[in-house]
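*Asks:* Chains as they are written, first to last, in the working numbering: chain Z, 3 to 378; chain B, 3 to 378; chain U, 3 to 378; chain W, 3 to 378.
Just so you know, the hints here were simulated from the structure itself, not pulled from any lab data. Hints may be right or wrong, so weigh each one.
Because identical chains cannot be distinguished in the list, a pair is counted as satisfied if it fits within a single copy or across any two copies.
To be verified - Heads up, simulated DMTMM-like pairs for lysine to aspartate or glutamate below, C-alpha to C-alpha not over 25 Å straight-line:
#1 Lys98 <-> Asp194
#2 Lys98 <-> Glu179
#3 Lys76 <-> Glu41
#4 Lys100 <-> Glu321
#5 Lys76 <-> Glu97
#6 Lys76 <-> Glu318
Number of protein chains: 4
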Amino acid sequence: MFSTFGHLFRITTFGESHGGGVGVVIDGCPAGVEIDMDEVQAELTRRKPGQSILTTPRQEEDLVQVLSGMFEGKTLGTPIALLVHNKDARPSSYEKFKDVYRPSHADYTYQAKYGIRNWMGGGRASARETIGRVAGGAVAYQVMRRSFPLEVVAWVESVHQVDASGLVDTATVSREEVEQNAVRCPHPEKADQMYKAIDEARRDRDSLGGVVACVVRGAPAGLGEPVFSKLEAELGRAMMSLPAVKGFEIGSGFAGTQMRGSEHNDPFRMKAGAVGTTTNHSGGVQGGISNGEDLFFRVAFKPTATIGKVQQTVNEQGEEVELEARGRHDPCVLPRAVPIVEAMTNLVLVDALLMQQARHPNGAGASIQSEKNGSI
Amino acid sequence: MFSTFGHLFRITTFGESHGGGVGVVIDGCPAGVEIDMDEVQAELTRRKPGQSILTTPRQEEDLVQVLSGMFEGKTLGTPIALLVHNKDARPSSYEKFKDVYRPSHADYTYQAKYGIRNWMGGGRASARETIGRVAGGAVAYQVMRRSFPLEVVAWVESVHQVDASGLVDTATVSREEVEQNAVRCPHPEKADQMYKAIDEARRDRDSLGGVVACVVRGAPAGLGEPVFSKLEAELGRAMMSLPAVKGFEIGSGFAGTQMRGSEHNDPFRMKAGAVGTTTNHSGGVQGGISNGEDLFFRVAFKPTATIGKVQQTVNEQGEEVELEARGRHDPCVLPRAVPIVEAMTNLVLVDALLMQQARHPNGAGASIQSEKNGSI
Amino acid sequence: MFSTFGHLFRITTFGESHGGGVGVVIDGCPAGVEIDMDEVQAELTRRKPGQSILTTPRQEEDLVQVLSGMFEGKTLGTPIALLVHNKDARPSSYEKFKDVYRPSHADYTYQAKYGIRNWMGGGRASARETIGRVAGGAVAYQVMRRSFPLEVVAWVESVHQVDASGLVDTATVSREEVEQNAVRCPHPEKADQMYKAIDEARRDRDSLGGVVACVVRGAPAGLGEPVFSKLEAELGRAMMSLPAVKGFEIGSGFAGTQMRGSEHNDPFRMKAGAVGTTTNHSGGVQGGISNGEDLFFRVAFKPTATIGKVQQTVNEQGEEVELEARGRHDPCVLPRAVPIVEAMTNLVLVDALLMQQARHPNGAGASIQSEKNGSI
Amino acid sequence: MFSTFGHLFRITTFGESHGGGVGVVIDGCPAGVEIDMDEVQAELTRRKPGQSILTTPRQEEDLVQVLSGMFEGKTLGTPIALLVHNKDARPSSYEKFKDVYRPSHADYTYQAKYGIRNWMGGGRASARETIGRVAGGAVAYQVMRRSFPLEVVAWVESVHQVDASGLVDTATVSREEVEQNAVRCPHPEKADQMYKAIDEARRDRDSLGGVVACVVRGAPAGLGEPVFSKLEAELGRAMMSLPAVKGFEIGSGFAGTQMRGSEHNDPFRMKAGAVGTTTNHSGGVQGGISNGEDLFFRVAFKPTATIGKVQQTVNEQGEEVELEARGRHDPCVLPRAVPIVEAMTNLVLVDALLMQQARHPNGAGASIQSEKNGSI
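Whenever a hint applies, use it, and build me the whole structure from the sequences.
*Replies:* Below is the structure:
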């Protein structure tokens, strides 16, 4: 509990890093939508380890298999079950540490919560669990884009002290630009610095964190459900549920607390016949509901907990011991986090769209926004 | 949708800023718990406007009335309905602006979403909606403290550029210290500066934002449900669902992205016979589950959207107009946000405790943590 | 838990038979719908006791008060809170039996579950709890009928051994016919016999049960969500959640088990250009989804548990005692159950309609049924 | 939507009769429970077709595969994914009828709802979907029986006009007795008559329905959540969600409507130191909560819709056509329905137990019932 996310477009993920496999059941997907499974696979490939020296050298193929819910390339409206088999398991690399709590991992807390854990890898706390999210988000994206010219683009904004914030144009940044380098930062110069920083940390058997930024262009006004499912609340929950995430902010975020109301308020004006704002400190949401401007938010990822350096810790017997991990790991999760952040964004958006659609059948927003709306 | 929060201890809030009243239905509260309604009222009084010149001069009494679910001072296990009647309505102060979209308010987005709105005040987007949350959270707190020596303390950490971060001892800060001044910052000197800053903004017909920090002491290990209801995900959602919130971070948060893994990891050690950590960059959660250390997080509130200065905006007819608001408002919501942040924290915790209890009847965590655990 | 019903059109009821009041919060109601509160009140009046000598002489006025969610006669899309204050409480009539478990009431089970109960009346197990359902259902009906020519008509089909089954034309029976007599059986002769049977039981300090039948005309094909929210599953749950209900059947029900497949199957044929069936043993659902034919189902209500005769029972101290109840009660709940069954039907249908609408914006069913469909 | 059942012990089923496979994700299973997968497989084998000439001759092996959530034979507390691959697909046997709506099947309603369907078999409306339920229920049973001496026994009470009601002793009937014959009726003589009736129908290319009865012995008092998750409401929903079910009744059911209150009420008395009743017309529930007596209910299954006789119907083009099905099918689903009814009962009970446990950690009921209680 709770391995289910979403209200109307609902994913249930399953699987540990070691065991038969990981996957997802997508329930509530609209029927009759053509799904390009190659695109889904492409997202899984973006997420998988072993893409560069920056990421863990585990050679997981992560080939997705459709178990149900599709017929002749289209969704049936019934649950879509997607499975990725686990491979390349090397329990031996974990056996030595089976009773040791790795610092800032979930070993101890899983033991405290469940009284049992699979010590062969990170279990459900492993980034491998996100495979189901990425597959589900990729389906969601195709469902939405059938009707909306929606674009969801995430990128690495900072790694450790290399910061590209303010240097990326949110109005134009594209997945193509993001994919141009292994770091997934669309600013080539900063990407280069990030690459070097990560590589240095890797050689030093250490790890780095950073910030992923994400923009959504083309979302209609009217998405988000007051009061507990405000769009920013659902996005916040979605991102905070990802491994290693320690912070979320939308629009002006924490920096906005240093502005005055008269600076921070976004004046309304007419834009091409529709209501818009001249600035976007709100990040595209007001009162929990999208206002038709770009959604913009940031997600903070801590440095990877798995490092090669010797660390102090305790074991299950309550003895203080030294740990020198030799497992394969990412010195920095940020590049692989990009498709995961996009996937969670898709899942939040598709759910909000369906919810709005349930009550406003003639478009995702009311008539006031009709010129911006499609229908899902 | 969705006006309900929580899975097992579930609140449903209702009510607009103008109309018959606001309130909450608490469903799933354990039976037989003595509830001190004076304490619940006290929390509502902390939340209400008109406490000082820093807050809006509206004289709402906010007296809570119990409609159901209690018998001879104890909970029945049935829904507890709490109602606060609305008073002091002055629709005339809103009438002038009934068709004008106030910048960075939810006027426009509610119109876009619903095609209709109550222009007399902020509707559900008003801070008045939080009355139900505060009442529900106050009941939750009493339920938890029946069994756990749990303490939840929030305070104003910063207002605009006055910053008390690092100056408050999270291990000892108490509600009494927080309540010593109108700003609810437990650092007297910074509180004084904050007071002045807010008063200056008020006189300038402007507004300020800031950060509320919150610590939870005494929470057992084992709380939080992987993977989508991680404790930080539920806290994040809870806080991001509050009016005016733009950011949430737990533990090291955004700043933690600038550390290396070897600095950021929290080494385990034995503390009084139990597993603990020597640092707490994790903020008390690992893998979405509490580890028995203090929970610590921050919430960013934007400057109040209602300001007295003249602003550019548009009206429902799509005309660009000037708005000069004269409504009563808070120049800074931070002081009143403190009990609201605490309330949402209580609601997240009580739900996590009941959830854990459902599967581990002999204490909120498994046996490994028995010395730290109580049972709810 | 769980005092909430529905997924998208969601009611949360609160209140005991004794205490401040009972009511409902309706969350997820589409915005901008004109609601005639007199019609809502009329349904509550149909439900209330004291309508004839057949029902309990308690003089509850059951006047409904709107606390939120409405503006200028229309729904805002925000939670609609409706409250009915409790009146006419006579705890003294219960005090004598405060520690006695009334047979076939919920006194003992509430005590076993919660360890506490309000002995002044039936608490949440009281029929008074259904006020919130009736109010919610009345709003749902108006929402649906804005777009669909939907008719929901329930009636008393049998009381004890007086049976009108097969004598009422489900294709034409109307609320007006049902309301023509105090029993709410549209067959005047049988109604008369039922009246006499109930009156006799009343004078004998005994009680009677019976069956309520219900037909829904005009529901579009495509409603109901496989596999766990099949339309008949949701209807079954809704009806089985009513006080005193012991059975539910749809279409041919239990009698259908005595037919052969070749008799029971409903052949398809074209009807006015649309697919229809020549018989309706299915009761309007196939595979959990409405097929456009009339929905038809029956609900069995046991004889009222409260009787005036002396009964054997035990008290909280575990002593075997005699009970001679003198509380005011209904000798037969059936007449008052009619609006309650209709209300629950409305709640199930509106939820199914919104759910279908979420995924099929161009009508409640897919194009194949367009000629029968409206949109909500 | 909604392929998920349960609140705390939650199953999500997936899969069509044709496609990669069917299965279930069990979320919320308590951790550290030893699960005997052979027992789970045994239940699937009871459910599978081809057990006798009474059931469809399809040779599905239905071997279950564990994908996640188990470690060294114990539950991890994480999602347990169970998969059964589809085999023996013969699309050709369906191809001929791909555009014909089989009477009283879900072909037409799925088309009306989704606008698309997998014509190769019954899709989600197929009995094959229940594999996930049976697997989930088998796990639930083991979880419950770890702590409670709970027994859930279902059997075939009637087939067509052969009726064993009143001839089976609910206090003692065992799974062993039920399994003694292919019909799964523990009354050998009636079983023999049922066998003959089914065989005759089979040879006549026709089908029969009937009633499955179920008793639960050893459930503690206090289970069930007022008001919308009353135990009978959840059981009713669970059973009405099964393919081919048209009715549900608990305790006296429809027959009870023909009794007077003075006959129907169950007098309380002390039984071995605990509160009990002398009769059980209530079927073990009062006010939606178990009272510690045996739970007893009945489920009506219509005759199988698939028959070999020629039938009138229409096709997707709206033409009236004749259908002569030759697919493999069960002439009577009752024998195979027995393990399915038990599985759904287990799922309802385990959820109610966990729910009660969440609020009453010291046993599933309050202290009043401590002598009957265990803890899960």
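*Asks:* What are the numbers of the hints the structure violates, in ascending order?
*Replies:* Numbers 1, 2 - these are the hints that the structure violates, sorted from lowest upward.
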